[in-house]
Amino acid sequence: MTTLNIQNLGQIKEASLTFGDLTVLVGPQATGKSIALQLLKLMVDAGQVQAELGRYGLDWSGKLPEFLDVYFGEGMRSIWRPGESKVEWEGKAVDLPQLAARRRKSSEESLFFIPAQRVLALRDGWPRPFTDYTPGDPFAVREFSESLRVLVEQEFRGSGDLFPQERRLKKEFRDLLRRHVFSNFRLKVDKFHSQKRLVLGTGQNSEVLPYMVWSAGQREFVPLLLGFYWLMPPTKVATRGNIKWVVLEEMEMGLHPRAISVVLLLVFELVARGYRVCLSTHSPQVLDAVWALKHLRENHAGAKALLNIFEASNSPPMQRLATAVMEKTVKVHYFNRETGITTDISALDPSAEGQAEAGWGGLSEFSSRANEAVARAVTKSEREAQS
Amino acid sequence: MTFKEAVAQTPNLGTGWQPGLQALRAEDKPHVQPEEPRRLRGSADIDTALRLREPNANRWDFAIGYQHTNCNDEFIYWVETHTGSDDQIKVVLKKLVWLKNWLRGDGRHLARFKGDITWVSSGHTLFTKGSSQVKTLAQQGLIYSGKILRIPNERTKP
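Respectively, the protein sequence lines represent chains C and D. Basically this note's numbering = 1-based index in the first sequence + 146. Basically this note's numbering = 1-based index in the second sequence + 6.
FYI, nobody ran anything at the bench for these hints, they're computed from the structure. Fair warning: there could be bad hints in the mix.
To be verified - Selected chain C positions facing chain D (Cβ under 8 Å, derived; list incomplete):
| # | residue |
| --- | --- |
| 1 | Ala176 |
| 2 | Asn517 |
| 3 | Gln532 |
Beta carbons: idealized from backbone N, C-alpha and C, even for Gly.
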């Protein structure tokens, strides 16, 4: 399995990350999950990152602090502590100062990064180009935004519906998205004066809803949908270009649990297509799905059992998806704020002695405390009624 | 009245008091971890003590006395060690009903103490402490502790 070991980088004191076909990172805010995922991108795509930065006129003068500010975002030079910070990728030490000093050979992108700040990728309903951001904005945000711009301008050139789109996503996914995200709305390209923009419309009349009146969930979901379109081209090829890895940060943002369920199934579709997917999440629902996947596999359950969780149709394409996913490896890592050390909690065993694993990296802590509070109140009330 | 005295006055449980966690079966002891063992006020094996008198009842397992730092009175942890699986929820709830009835009768001296009623998983568990199954238990006054009951020095008050 692929490994990334990190020592003393930002909030991370020691992270030992093993990647499966699907990898999930959990932990409180600001524990280094995003740093780890952006570092993964850098390990996989150093040449492509440097080439992209160079193409848009960004110059870090071969110095690591400047490079960190340009790549991770302004002020992020402080995450690297000379003499203390160490990175090891696939068992080999990585000299980050040297990586910044020497331009790597440009290569095709291997990791597609969907950042948590994806809502910034659309301005007034149209994807922003790379150069629309300030040099201090994180590379992952700028590059994602640029990919969406290319997608919308090149692959959806004419006016028309972006959703539903017969050539994009399986019919089963379109049905689920219609049911749980878009309702009767269609996502389409529209022109306001001469400016193209994405709008929502019912299709029955000419009334359209521009970006600013979309719900928070719709604003979060549309960039995500376009990201999935990018990764699932309308051809017989399962994956796009040379992309092998996908990072998706906080897929649950702004979404109702039913919508999260559809996005999770789309993530499984990516895994089934052969992408190695890494998620960071604060949603217990994601771990519910991973936990179920593990136990369904161990108990030799069929594809239908997995599809039932998502209320998905048991059609042959979805069966193939579920069967493929059941064979994939899944890893879960917990980022501990107090210690700065990561723990492998892939077993997700509620009876584990370690609280990190039993409490699923803190994602079930609140419910647990709520349950205990109610139980104690019931006992107290019964006791008082008795005396 | 102390926990030890209350056990002594309880019918059929009179001689059941043991110091520390000694009333617990050897395999159950690792599931209970007091922050400060010297604050333990003893334990009683209810299940064994009442086996002859109520052989077919869904008897509760143990009572453990503890002196918290923020309480004047001793506190009782009513502990049932049981496999943590869905199919056992009904069994444990029957034990809970038995315990509540017993506390209204023979166990009334012990009912005077404040306490937590806790299910400690003795084996593999398939639900988390935050799950809906545990909510069902909570509504009946039962706390699901997972594999380990950690007894803190300072008690959480409802």
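Q | Per-residue hint verdict: Gln532 (chain C), partner chain D, C-beta under 8 Å | A | It holds, given that the least Cβ distance between Gln532 (chain C) and chain D is near 6 Å, below 8 Å.
Q: For the hint on Ala176 (chain C), just tell me whether its beta-carbon gets within less than 8 Å of chain D.
A: It is violated, given that the least Cβ distance between Ala176 (chain C) and chain D is near 23 Å, above 8 Å.
**Q.** Supplied contact hint for Asn517 (chain C), tested at 8 Å Cβ to chain D
**A.** Because about 4 Å separates Asn517 (chain C) from the closest Cβ in chain D, which is inside the 8 Å limit, the hint holds.
When each numbered hint is compared with the structure, a violation occurs for hint 1 only.
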